[in-house]
Amino acid sequence: MSWDTALPVLVLLSSLVPGLVIFFLREEQSRVRTALNLAGAVVKIGLVGIMLWGVYHERHYETRLPLLPGLDLILRADALAMLLTTLSAGLWLVTTIFAVGYLEGSPHRSRFFGFFSLCVTATMGIALAHNLLTFFVFYELLTLTTYPLVIHRGTPQALRAGRTYLVYTLAGSAVLLLGIVWLHRVAGPFSFTQGGALSHLGPQSHGTLLVIFALLIAGVGVKAALVPLHGWLPVAMVAPAPVSALLHAVAVVKAGAFGVVRVVYEVFGIRFAADLGVTTPLALLAALTIVYGSLRAVVQDDLKRRLAYSTVSQVSYIALGVATPGSISSIGGIVHLVHQGIMKITLFFCAGNLAETLGIHRVSEMNGVGRRMPWTMVAFTVAALGMIGVPPMAGFISKWYLGVGAVEAGQGWIIAVLAASSALNAAYFLPILHTAWFKHPTGEWKEEHPRGRFEADWRLLLPSLVTAALVIATGLFASTVMSPLTWAKLIAAREYQP
Amino acid sequence: MNAWIVWPVVVPLAAATLSVLAGQRMARVIIGSATVAIVGALAGLTLQVWQNGPQRHVIGGWEPPLGIQLYADGLSVVMLWMSTVVGALIGVYALGYFAHDSGTTGTAATGEHGDNSELFWPLWLFLWAALHALFLSADIFNLYVTLELLGLAGVALVNLAGGQLALVAGMRYLLASLLGSLAYFLGVAFLYATCGVLDVRMLSTRVSAHPAVWLAIAVMTLGLLLKTALFPLHFWLPPAHANAPAPVSALLSALVVKASFYLLLRLWFQVFSVVLPPVAGQVLGILGVLAILWGSVLALRQQRLKLLVAYSTVAQIGYLFVLFPLAGGTAWGAAAWSGGTFHALAHACAKAAMFMAAGTMMAALGHDHLHELAGMGQRLPLSMFAFALAGVSLMGLPPSGGFVAKWLLLDAALASGQWWWGAVLIVGGLLAAGYVFLVLRQAFAPLPADVRYRPVPRVMELAALSLALLAFLLGLMAIPPLTLLQIGAPFVGGLGTEALP
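Heads up: the sequence lines are chains F and D, in that order.
Straight run, no breaks: the first sequence in the numbering used here ends on number 498.
Straight run, no breaks: the second sequence in the numbering used here ends on number 1501.
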């Protein structure tokens, strides 16, 4: 096995092995556990870095394992895969630091960190999957490994949330499996191909392909929280904050959105999909989700629920960009995969920090919290402004490309949707900022967690500052060589090659 | 010299005799050496079949129709491996189970069958021999003999548990089993009267659309369906499987019901295939669908863990019969055939692991009431994990063996244009998720403070976990068994990957 074939597997193993070892650690071995977690995360970043460098220089990293007759499990580092692997590897490290601080002293940490690592492994597999079968294998592993995280606290409320989560995700995967098997019957075995793998099929199978497209999008749409399949996401908020952060930024929701990108671009191909007439319905669905999620977010008082509905809305920017024909929209959609991740994880880190340090769970409890925890609120403010789309934050770049793309595609209604959504984003984020910075504290703060030298435990504070800095950096340096935007442009250019 | 074929039968038979003579103290040695010998012989046989195709062996040099003949093709070999690996791990589990049991006799409700445990080893080895003989027999009369022996060994094992529930369940099982074999035997008599031969291969060239043949098909199928516990003939299975000692439940649910299914496969596809109209397969398929739905719904309503697992068996048996309406056409027959048989394999590993894990929890708690299992994930994490991994295979999620089976069957359903069978497979998977997570969610519930646990031997947990891991990872090593299944199969080639014309 050469280095080029081993690398994708090593990327998976770097979180799988620590995860499996951690299961067998006793509860009090927290130093070993933390060391293993961090070592795994750092090794993974190193390996992903090597892979990134290689892919940029047009090296091919690919591993195959025969799984079914004529169908292989394929892991391959292509440009799109690198976007998600880099994001996940980076955010895994900061989330681990956050989780160690957040869960300090709570029970069942070995179980938690074990499943946490397995969950990251599954996400890596989803990113590197190079055909639908492989994608499905890891997509399901993700469902199974996130369930214990969602119900981690074991309360009746958590168990109920877990059931809702399973009902949605397993039903979605059943539909997805049906679509995948059917597509293999119609088209034979194929890998993800830039520009699509199905355009050779004649018009007699177009009716079938329409149904299959609907099945596949419904399958990935559950995790991507497309309305009306989004019901599990706000309920799953009962999970611990690091889980919510991971679920919303890199793992579950992102896996669904990533699936939409793969299906539209590399299974059907954007041109073929547009010819079939499926892109407009998908764009409409995404637009509906964007507006609906924002509307629901405005009326939530619970901070995490507000963020959850915000996720419903924001993730659909990806689907919207992908479903709008034209390379500029594609860039906007693809780059939002990364931008939404770093912005949303920052918000969840801050929400978790507020809850853990001061016991704040509701927006109405945040009066003047900016004075008590200024750095946390600075990070929150940066990410919130980014979500609204204020330049030079990351979110501005996404919305700019989406808007210009809509004009290019002659779809003026998308501009209206984007404008409405931005106004709603402002309507649910600005009041939070106003409450935190300009209102007076109502009373003494309940100090629930030892704060150490800073305004909060450094492990709860530092991750949000790092990701907030990234929100600014990806916006400011968007046109440099290794920025997410440059990668997105590369991917879009290849998709639209003549 | 191709005598490898006789050893999988002879070795457990000899070991059974030895274990009666030697008593329980020697159990470890006998099982260990028997397992090694069987695995060795099986490896030799597998190599022969792999290289030279199906193997025939005439015992004592007497050719059929007079003599006894053994026959092994890919299907037999796969079934033999299933029975050997699953059987051996159940044996390992039983070592711990009965040691734990006899150590606490009289102190708990489960202790009462400790007295009979020395009977377990000879009966289990005997059952193993009968099972292997069944997988290797090539004429319908010998198949009857092995079927009857298997049933008797099974009934005796169920009654090991003692107690009124087990006794009633055992009686019902005995009646069902005897009735099933009797019906099968009646069919054998009809066929012999009409065709004059018993050998499977000869029979397949002589059956014709004769009323006696029809009658034979009907009674043999009915008898075997009763033994396989296909809905609505499943009434005897849940009490028998749920009230037996855990290693016995595992043996019965994982292996014994597969024997009569195997026989049905042989008869329908290799003897009667010329005379059976397609509608017959549809009828079996519909019964399979009803079994999936009925078994799953009842599993969801159970209050006891072992009953839940037993009803899950009723449902999973249904999947096996979806193969009958699908294995018709040439383009997708191979996918359906392989998918159905692979499901038998995956279910054997998963269900044995599940019963073993359930048995461990029951041994630790003294009962198996579902709502009192809270916090089990903290007490017996390995058993809970084994249960979960086995559950993944039952749900048909990747990368488990159950997933590969579901993929192949789904593929065949879509290819043959009978998509509704595929829809049932998918609904069945969701229902399975329902009852599996009914148990798993208890693992995460907080541990009640006042519950007493008795420590259980680690070997029980590890045996269950090994089988569960095997079920979970079976999908990653599906190619060798699938290739093996093609040897001597009624459908060859085109395992569902080529495009439609």
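Simulated from the structure, these hints should not be mistaken for lab results.
A quick note: this is a predicted structure, and the numbers were derived from the prediction, not measured.
Keep in mind that a hint or two might mislead.
[Stated by the list, open to error] Sample of chain F residues lacking proximity to chain D, with all beta carbon distances greater than 10 Å (derived):
id	residue
1	L144
2	G162
3	L178
4	R185
5	P391
[Unchecked claim] Facing chain F, according to a computed beta carbon distance under 10 Å, are these residues of chain D, among others:
id	residue
6	G1053
7	P1054
8	G1067
9	Y1071
10	A1334
11	S1338
12	A1374
13	L1397
14	P1399
15	V1404
16	P1446
17	A1449
18	V1451
19	P1455
20	L1476
All residues carry an ideal CB built from backbone N, CA and C; glycine is no exception.
Results of checking the hints against the structure:
1. L144: Non-interface label on F:L144 violated, nearest chain D Cβ at 7 Å vs cutoff 10 Å.
2. G162: Violated: least Cβ distance 7 Å, not greater than 10 Å.
3. L178: At roughly 6 Å from the nearest Cβ of chain D, F:L178 sits no farther out than 10 Å, so the non-interface label is violated.
4. R185: F:R185 is in fact no farther than 10 Å from some Cβ atom of chain D, at 5 Å.
5. P391: Non-interface label stands for F:P391: nearest chain D Cβ at 44 Å, farther than 10 Å.
6. G1053: violated, 19 Å
7. P1054: violated, 21 Å
8. G1067: violated, 38 Å
9. Y1071: violated, 25 Å
10. A1334: Holds - the Cβ of D:A1334 comes within 10 Å of chain F, reaching about 9 Å at its closest.
11. S1338: holds, 8 Å
12. A1374: holds, 9 Å
13. L1397: With a closest approach of 5 Å, the D:L1397 hint holds.
14. P1399: Holds: closest Cβ of chain F sits about 6 Å from D:P1399, inside 10 Å.
15. V1404: Holds, because the Cβ-Cβ distance from D:V1404 to chain F comes to roughly 6 Å (cut-off 10 Å).
16. P1446: D:P1446 check passes; min Cβ-Cβ to chain F is 5 Å, inside 10 Å.
17. A1449: violated, 14 Å
18. V1451: Violated, because the Cβ-Cβ distance from D:V1451 to chain F comes to roughly 16 Å (cut-off 10 Å).
19. P1455: It is violated, given that the least Cβ distance between D:P1455 and chain F is near 17 Å, above 10 Å.
20. L1476: For D:L1476, the interface hint holds, since the closest Cβ of chain F sits about 7 Å away, which is under 10 Å.
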